[in-house]
Each structure stands twice: as C-alpha cells, then as structure tokens.
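Student: Build out the structure end to end from the sequences listed, making use of the hints.
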Amino acid sequence: MKFGASTEASPVVRTEFRHTSIRTKLERSGIVLLLVAMGAVFTWREPAFLSVDNLFSILQAASIVALLAVGVSITLAVGGFDLSVGSTAATAQMAASYVLVVWHGNALAAVAACLALGVGAGLFNGLLITRLRVPDQLATLGTLFLLAGLQLIPTGGRSLATGSILPDGTEATGAFPAAFLALGRARWLDVVPVPVIVLAVVTLVAVLVMEFTRWGRVLYATGGNETAARLAGAPTARYRVAAYVASGVIASLGGALIAARVGRGDVGAGNSLLLDAVAAALIGYAVWGAKRPNVLGSAVGAVFVGVLLNGLTMLNAPYYMQDFIKGALLVGALAFTFSIGRQAER
Amino acid sequence: MVARSVSKRFGPTVALDRFDLSVAAGEVVALMGANGAGKSTIVKILSGVYPGDGGSLELHGKPYAPASPQEAKALGVATMHQSIADTVVPTLSIADNLLLDRFNNAATPWFITPAARLEAARSIAALVGLDIDLRAPLFTQPLATRQLVTLARALAVKPAVLILDEPTASLSAVEAERLFTALDRLRERGVAMLLVSHRLGDLKRMADRVVIVRDGRLVANLKTPIDFDDATETMIGRALPRTRERKTVRSTADQGLQVRGLKLFPGADSPALDFDAARGEIVAFAGPLGGGKSRLARTLFGIERVVAGTMTLDGQPWQPRSAAEAIRRGVFLVGEDRWSSSLFPDSVPFASIEGTLSFPFLSTWFRNGWINRSRERREAASAIERFSIRCNGPADRVINLSGGNQQKVVLARSHAEPARVLLLDEPFQGVDAGARADIADVLRANAAGRVTLVFVSAIEEAFEVADRVLHFDRSIVESNIENLAGA
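Line order of the protein sequences matches chains A and B. Counting in the numbering used here, the first sequence runs without a single skipped number right up to 547 at its last residue. Counting in the numbering used here, the second sequence runs without a single skipped number right up to 491 at its last residue.
In case anyone wonders, no lab produced these hints; they're calculated from the structure. Warning: the hint list may mix true and false statements.
[What the hints assert, rightly or not] Label pairs and their in silico Cβ distance ranges:
1. A:I223 with B:G58: 41 to 47 angstroms
2. B:P73 with A:A241: 55 to 61 angstroms
3. A:T428 with B:D273: 18 to 24 angstroms
4. B:A441 with A:T428: 25 to 31 angstroms
5. B:R221 with A:L409: 55 to 61 angstroms
6. A:L339 with B:T185: 25 to 31 angstroms
7. A:L476 with B:A441: 52 to 58 angstroms
8. A:A536 with B:S72: 29 to 35 angstroms
[What the hints assert, rightly or not] Calculated cross-link-like contacts (lysine to any residue; reagent style SDA-like; alpha-carbon spacing at most 25 angstroms):
9. B:K208 with B:L25
10. A:K527 with A:L256
11. A:K492 with B:G397
12. A:K492 with A:V233
13. A:K492 with B:I403
14. A:K226 with B:E179
15. B:K66 with B:A78
16. A:K492 with B:N396
17. A:K492 with B:R264
18. A:K226 with B:A399
19. A:K226 with B:I403
20. A:K492 with B:K162
21. A:K226 with A:S540
22. A:K492 with B:A355
23. A:K226 with B:R377
24. A:K492 with B:S345
25. B:K267 with B:E179
26. A:K492 with B:P353
27. A:K492 with B:S351
28. B:K162 with B:F107
29. A:K226 with B:A355
30. B:K77 with B:S11
Please read all numbers here as calculations on a predicted model, not as lab measurements. Note that the Cβ used here is the ideal one computed from N, Cα and C, for glycine as well.
Tutor: Here's what the structure looks like:
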C-alpha cells in the first residue's frame, strides 16, 4: 500500500464520526435546547412570560450586552480580548449626552461623536497592542481604566442632564431631542424596539463578514496562528487593529443606545456591562458546539442570560441572586465547551 | 555503559531492532543515522524517557533500568537535549538557572543567601569554563552561553555518562568550539559521551568511534581514522551519486534567480553568498540545523532583512518587502514545521483542506471579498487529485489527516497558483518514505517554469529531490559530494 499511515487513520475517523453523530447534534443544539426548555418552564409557571411584549423587553434589555459581546467576540477571534468595551460604551453615552446637553448638538452629531470615540478607543487599543506590543488583556485593561476615568472629567464626576451644573459653574441648558431618544425608546410598528433592530443588523453584518468573506477568514487565521497567517501574506497587525476598531465602534453604538434609553449621561451606566458581555461571548463558545469565539453565539449567549434573569425575576427570585446565576451559567458553559466537547472530538 | 540487543516497537513499526552499543569511560562515541533511523529512540531509552521492549542495559557492569529521566540522572546518566528552550528559564539569572535542579531538590534548605547561591552557581559554571557575570538574566546571553548553562547543569550531578543530542545545532563555529573545549575536559576526566550530530565537522572533531544506525539496526562500528564518505553512504544505505546529471539549462541573465554577495547575518565575518538557480531546476541546500538555511529561505522570501548583497529574479532586481509582496509576485515559501508556519489549529473555522489551500490566495481569488465556496472546492479537489492526498473530500479537517497528507496539503497550497520561485524549508519533515517519494515526484513534475529551492538537513532527502545539491553551513561549502561528506 502506498500510504500506510493515512489508510489506517481515515476509517477510524469515519467510524468515530458516525458513532458520535447523535452526541454531536446534542452538543451543537445544547444551549438552544436549554433556552427552549427554560422558556417552557417559565411559561408554565408564569404565562405572561411568553407574551410578545415580554419577549421583546427581554431582547431590549439584552441588546446592549449582546452588542458589546459581538465586539468582544471579534477581538477574541483575532486572538485578543477587548476588556475596554464596557467603559467605551459608558464614555460614549457620556459623550453623546455632552454633545446634546452642553454643546446643543443634534441627534446626528451625538451619534457621530459616539462612533468617533469608538474608533479612537479601538485605534488606541490596536496601536498599543501591535506597535508597542503590550499584551492584549493588559492594554485593554489600561484603556478600561483610562476611559472610565475620562468620562468623569468633563462633568466633574456627576451625571449629566438638562439643568446640571458643570464644573465651571455654568448650567447645561441643552436637551435630549426626540429623534435621539427614539433610538432607545421607540418601537418599530409599535412592537420591535429600535435597539433590537440595531442589534439584529450589527449581528447580521458581523456574521456575514466573519463567516463568509475573506476578511473574516484573515481575522480567524490571525487568532489561530498569526505566524502562518503572516507567512501567507496577510497583514495581521492591520487586521488586529481593525478588530479592535470594530469592537470599539460597536461598543460606542451600545453607549449611544444607553444614552437614548436613559435620557441623560449616567456616571454609573457602564458598571456591569463588561463582565456581562464577556460572559455572553464565552457562553457563545458553547453555542452550536462551535468551541470558538463566534458572533452569533455571543448574541445568543446574551439573550440566554437575559431570558434566564427575566424568567427568574418573574418567578420572584431575589435580585441579589442574579450575579451568582450568571456565574454558574458561565462556568457551566465553559466546562461544557472545553471538557465535554473535547471528549467527543476524540 | 553497555546496551545489549535493545529493541523497541511502536505499534507495528520496529524502531530499534536488537541494538548493541557500548561506551567506555573517557570515550566519545558518535551516533550517526538518517532521519527516522532510530537515533532518538536510543537516546530516549538510555536517558529513561521510556524503557526498551527487549534487551538489557548495564552501567558500570550493573543492570541499569531507569524508570524516568530523573532516575537516569540520579544513576549517573545525564542528557542534554536538542531543544534547549525547554530546559532553561530565560527570565531567571544564569546562577538561578544553574541551580534549578537544586531548587527542586527536597534536601535543599529553604533559604539560601544570595551570596551562597552565587558561590554554588560559580562552582557549577566552572565545570564548563563559563566565566561571566552569573547575575545577568539568561535571556541577555547568546545561545552558546545558554547551551553551556544546560551542559553545566547536566554536569552538576557528576554524571558517568553524558548524552548530547545535536548540541551544536544553534551554535556558530566559534561557539561550537567553546563547547568542544568544555567537552574535551570531560573526556580527560573519564566521562563517557554519546554524541548525536548531523554535522560531520562535529564528529570529526570529537568522535573516537562512530556507530551508524539504519532502520533501527546497528550497521557499522567505525574506529578512528574514520572515512566519512564511507560513513555517509553506510548511513543512507546506498552509494551516493558522485554528481547528479543536470537536466536543465544553465541559468541565463534574465531567467531564474541570481544571488550575489548576499549576507544573511550582520557582522564583518558573515560570509557572502553567491549562487545561481535556473528556471526549471531544483536546487537543494543541504546542511545542519542552525546553519542558516531557514534564514536564507526567509531572506529570499522578503521577511528577513538583507544585510548586504543583491538578488535578481528573471533579470529584475528582487527586493521583496513583505510576504504579501513575495506571494503576489510569485515567490512562495513553505516554512519548516507545518503546524507553526503553515497550518491553522482546528479551532479556526476554515481549518479544512479547502480553507487551508485557499488562504494565501483569498485576495486574488475572491476580489470582492465574498468567498465563493464552489470555486474553493474546485481548487481543493484538483489539488487533492494532483498530490494524491488521502482524504474523504475537500471539506476534511486537516487535523484528521496523517502527517504525510498534512504535508501534502501544505505543498499543494504552494502549487495552487503558478510560482516563479518556490522555497521549501524542510518539506519532508515528519513524512514517511512513501509520502516522501510522492512529494518528490510532484515537485519534479511541476518544476518546469519555476526555480525550486529545497532546504533540508538530511543529505539523502536532498538527493531524492534535487538536480543539484549545495552543502550549506553559513555559506555554500562545496558543491560536490566528496567534499560534502567530508565537510
């Protein structure tokens, strides 16, 4: 026989595959099945859970975290980790409020300021990482602090709304225009909240780019084996910067939606965003047995957490249980991804 | 140390078949053998990594059966492995590196003053004549120093037998000589040494006796003076052709690759390279690990800076600034060690045959960005056909292929678009004989119209594939085989 080694190997692979196919299916659909099961239980205990209104309010509540998680998963795909998304979003909502309330800008200017801030944060992260060779987590941790502090400076550490007194003693006289508030509060056809639509569009675009274009391939290749990607002619440093810029822009878009929903610049707005987004992105590893960062999984992960928290709240679970439940869910999903998934692979 | 009819099987393959070896005190025995002949199996059995299946080992006339490398060391058999990166901690000081074993010894007191530590380290360093500031972090030191540190650590336990696996692989000639001087002292002190090296120069300098292993069997036991031409032929198992017939035309000024005065390394003593390679020709650069072959390949590919000299390709100056530019202009590199240089881990979604094949050509095949899966599948199917890759189809994950087939995928990728220059760094790494013959056939069949340069450390691989073999060790040493074997 000409290829001794390979003829031995391939039949084994095939039988293994047949043997595990049911298991693989279960693994692929595990999280989604769990989501359906949870929905069934919540509906059984509290029929109001399944109402269209409630479902969309879950989605609306989860949309900001889901957006940030999409950004995080793009940076995870290039082998990085954007820890600054939470404070980017928080700073963006402050910036939007400042533009509206202090500078009397219109809705367009406020959104543009948010996005510019996102691009800036992403570039800053990307250049720290690719030029100065600071490790990803450390660079973005630094940016996290920097932005969390920066958002406090223009208002002297206070929240910002119409009538707020600025550090120089003047009063902010601008107001949130209706066009801007609509971003966070309006519903399309009186049913679908705008943040949910934004999330759907961003997720769709990100999924298409990541999974079906050559740019997505280079992003994943950079994360998988940067040397191999570079030797194959890919400008990996540029792609890493691009991933952080994408993450920053998506996070700042999230910030704009927060400002529009809350109607003021809130100093405490970004508090739990980062951890929730990271959790969602990591839960996303387990969706469809991907075992890798993926955009759709991250969005599903955020919704999953949202459903769980909403259902439990409806069943009168105390609010202080929320973090513990999220933690248990994250640990479970990670254990599922890294141990059970690996056994089935063999 | 004596080994008697030691055997080792891995599944159906016999790695070592009734192998006999003896090393006397104060003797340096060199172990020669082609890739996969069983050299490393011997080293691993002797150093206690795994036991042999049959036969017996003796040390000082007593049975010797180490259960682990630690036990082997305790019994007086120290091993210096090839990859020193795994055996030192670059961020620690030289002194602390020298004392690592002592730190891990339960008998060591829990507190040692810095001065006492330095003193203890100094006595270990003296074993190899290492006379530098031991407080410096190891990563500030050249590779030779790291190698000496590893050697000193191995010697700290006063071994009776020292096994050296490719000790000069990453050393320059001057650095290697420093190592040999240290080894000479050990020889005088009566340490038995087993030296594994691809560098004939090392063997000439050090060996009292040469043992040649082929297909797991001892085939020759040569005493000094050693005829290295004979030794090389015995190692490969057949006579080497004196000069291989040239099938191709001589390079003309506007066809193929000309290299003039190329310096790979900074520094005045760095040798300048001159060579021509014609279109249609396969030229092999054969030489030891660490001789700069990979660096030459990377320089031609444009990812390593040209220190001095010029390169000309098809009559035009060739000054690539990046891998992307080289690929765009038809110069492809297949890097050594496929999993670090070419393939993507299975966590990458497109780590299939088709996705791996298309990766370098994404921007030319899919201009508008959208991946056309059927085009990709077609390209992969034709590559599978051309390279007789054994698989279920283009969508197969690369990780599930055998080593030989993985390598074929990597090579097929460099044939997916026509190349002007194809640079292959260790293309036969981890490939069995059957797949190696396949690969050599395909390379020859596709050699017309491009310059093919192959960089290998095993001479027999060079002869299997090339029209012309150049011996390369920091510079082109000689181009004919008599000198090649004796270099």
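Student: Are there hints from earlier that the structure breaks, and if so, what are their numbers?
Tutor: When the structure is compared with the hints, numbers 3, 6, 14, 17 and 20 turn out to be violated.
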